[in-house]
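J.: Residues per chain, in single letters:
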Amino acid sequence: MISDFCKKEDFPIFKRKFNGKSMVYLDSTATTQKPKQVLDAIVNYYEGSNANVHRSVYKLADEATELYENSRSNVAEFIGARSNEIVFTRNTTESLNLLSFTIGESLRKGDRILITSMEHHSNILPWMRLEERGIYLDYVGFDKEGHLDIEDLKSKLKRETKIVSVTHQSNVLGTINPIEEIGKTAKENGSTFIIDAAQSVPHMPFKMKEQYDFVAFSGHKMLGPMGIGVLYGKYHLLEEMPPFNRGGEMIKDVDFHSAIFEDPPIKFEAGTPNVEGAVGLAAAVDYLKKIGMEEVRRHEKRLTSMTLKKLEDLKNVKYYGPRNAEERGGVIAFNVKDSSNLKNDLESKNMKVDRLYHSHDIATFLDERNVYVRSGHHCAEPLMRSLHLPGTARASFYVYNGEEDVEAFVSSLGEL
Amino acid sequence: MYNDEVMDRYQNPAKNGKMEDFEIKIDEASSTCGDRVVLYIKTDGNGRISDMKWQGEGCILSVVSTDMFCENAIGKEINSLKGQDDLAFVENFPIKISPGRINCVMLPLRAFRRGTKEK
Numbered sequence: 001m002i003s004d005f006c007k008k009e010d011f012p013i014f015k016r017k018f019n020g021k022s023m024v025y026l027d028s029t030a031t032t033q034k035p036k037q038v039l040d041a042i043v044n045y046y047e048g049s050n051a052n053v054h055r056s057v058y059k060l061a062d063e064a065t066e067l068y069e070n071s072r073s074n075v076a077e078f079i080g081a082r083s084n085e086i087v088f089t090r091n092t093t094e095s096l097n098l099l100s101f102t103i104g105e106s107l108r109k110g111d112r113i114l115i116t117s118m119e120h121h122s123n124i125l126p127w128m129r130l131e132e133r134g135i136y137l138d139y140v141g142f143d144k145e146g147h148l149d150i151e152d153l154k155s156k157l158k159r160e161t162k163i164v165s166v167t168h169q170s171n172v173l174g175t176i177n178p179i180e181e182i183g184k185t186a187k188e189n190g191s192t193f194i195i196d197a198a199q200s201v202p203h204m205p206f207k208m209k210e211q212y213d214f215v216a217f218s219g220h221k222m223l224g225p226m227g228i229g230v231l232y233g234k235y236h237l238l239e240e241m242p243p244f245n246r247g248g249e250m251i252k253d254v255d256f257h258s259a260i261f262e263d264p265p266i267k268f269e270a271g272t273p274n275v276e277g278a279v280g281l282a283a284a285v286d287y288l289k290k291i292g293m294e295e296v297r298r299h300e301k302r303l304t305s306m307t308l309k310k311l312e313d314l315k316n317v318k319y320y321g322p323r324n325a326e327e328r329g330g331v332i333a334f335n336v337k338d339s340s341n342l343k344n345d346l347e348s349k350n351m352k353v354d355r356l357y358h359s360h361d362i363a364t365f366l367d368e369r370n371v372y373v374r375s376g377h378h379c380a381e382p383l384m385r386s387l388h389l390p391g392t393a394r395a396s397f398y399v400y401n402g403e404e405d406v407e408a409f410v411s412s413l414g415e416l
Numbered sequence: 417m418y419n420d421e422v423m424d425r426y427q428n429p430a431k432n433g434k435m436e437d438f439e440i441k442i443d444e445a446s447s448t449c450g451d452r453v454v455l456y457i458k459t460d461g462n463g464r465i466s467d468m469k470w471q472g473e474g475c476i477l478s479v480v481s482t483d484m485f486c487e488n489a490i491g492k493e494i495n496s497l498k499g500q501d502d503l504a505f506v507e508n509f510p511i512k513i514s515p516g517r518i519n520c521v522m523l524p525l526r527a528f529r530r531g532t533k534e535k
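Chains A and B are the protein sequences, given in the same order.
FYI, the numbering for the first sequence is 1 to 416, going by our numbering.
FYI, the numbering for the second sequence is 417 to 535, going by our numbering.
Hints were generated in silico from the structure; no laboratory data involved.
Below, computed lysine-lysine pairings styled on BS3-like, alpha-carbon distance capped at 25 Å:
| id | chain 1 | residue 1 | chain 2 | residue 2 |
| --- | --- | --- | --- | --- |
| 1 | B | K512 | A | K21 |
| 2 | A | K234 | A | K209 |
| 3 | A | K17 | B | K512 |
| 4 | A | K290 | A | K36 |
| 5 | B | K492 | B | K533 |
| 6 | A | K184 | A | K156 |
Next up, chain A with everything else stripped away, as it sits in the complex:
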């Protein structure tokens, strides 16, 4: 196992058997499994401290508010931020939509937004909606191995580029992008710099830097429950922004035709918040802190380089993204060549491409062996188009995976 602080037994779901066999869960990029510590924190909250937060003055409500706000501080400390810079949202998608509907709204016709071709849809669609208003969306390309083309980024960074929003780690290629450098470049240009950290904060040490204006990530991808996400924002920027949703909780005073909004972060948390989610996320943060994020990264890097090496020995398997595990996270997108003798008329098209198994067929084949991988376009269709692929299968690792999972995965794949 990864360390004394993380055992597979901590995760009740792994007790489950499918056809009498344990599962090999390799889809943590989609969502992670939850340790007992997180599940207990949620149950304990409801059994012992449930009340609405920031409202009533009795003891139980104070306790609930304290738990909620302590969760915020815990998350803040985890990434090196201050608590009043942490807005709880539903997920990364909502965090990025919040930005689109606030700072995005302040853009004018002719302004530009720069993203990359390796973004998840959640960092594309919130910006694409602004194109209707005459705002341009530019995409930075990447090289054959999936490294972001920094020269392309610099050339596309224009005076009109008001927002630069980049994924820290690709959820398909696994590429870890040099966000410190990109952030500096963006700030030199006077652009607002946003990081989609959904695949990085859960998997590696993440420390806030001066050049980061906003950082978005999800709780469920880091052992926490679904339905809780985070938006970090520099306090003075959050202060200047208009609210996103409006209603209960986010106001200081409401008159018949006017309202005074709360200070950040509450200004962005309209309605009863997901207290259970925040408490669960804080428990997940505690769990990860015990292991240590350096150790999480080291563990995933080891499993990744082990897997890449084994995949290179399988002649019919092609994987995407950097060859060097130093440059990538524990997510491996791959395809398998179908060398069977097909009499399908594809050949008549004279295409000199390898015929690949459809990723769903690979995933079903592995499913029959209790190995769970994702298949399809991974919510990154522009990336798939850049690779000229309809889809890939994808295996991804987290703290609870071990060498035995790599062995099971590669040997099952070898049977295809």
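Chain A is fixed; fit chain B onto it per the hints.
T.: Coordinates of chain B only, in the frame set by chain A:
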């Protein structure tokens, strides 16, 4: 993978290929899985299918389901094909289909319904 019946048909589809003298051509693409299938239909003029072929690419399940659909359609009425029950259609497939793969098997029936709406 799957079973012999499915794999045999995948490797030797009966109705794969272009049709020149078609009456109806249906272009179906599923962006969620990258499948892309074209159905060619010829009728006897009385709403009955006299021949059907397909071209394109997809996963094994969608390709096999499409090939079976084309073969089984011959001699049948367009309306009765369109009206068949989804559940029965999936159950008639040679292997048991998991919920996540139902869309793959349903591809030809959905395309057929959409493309013959006005007929």
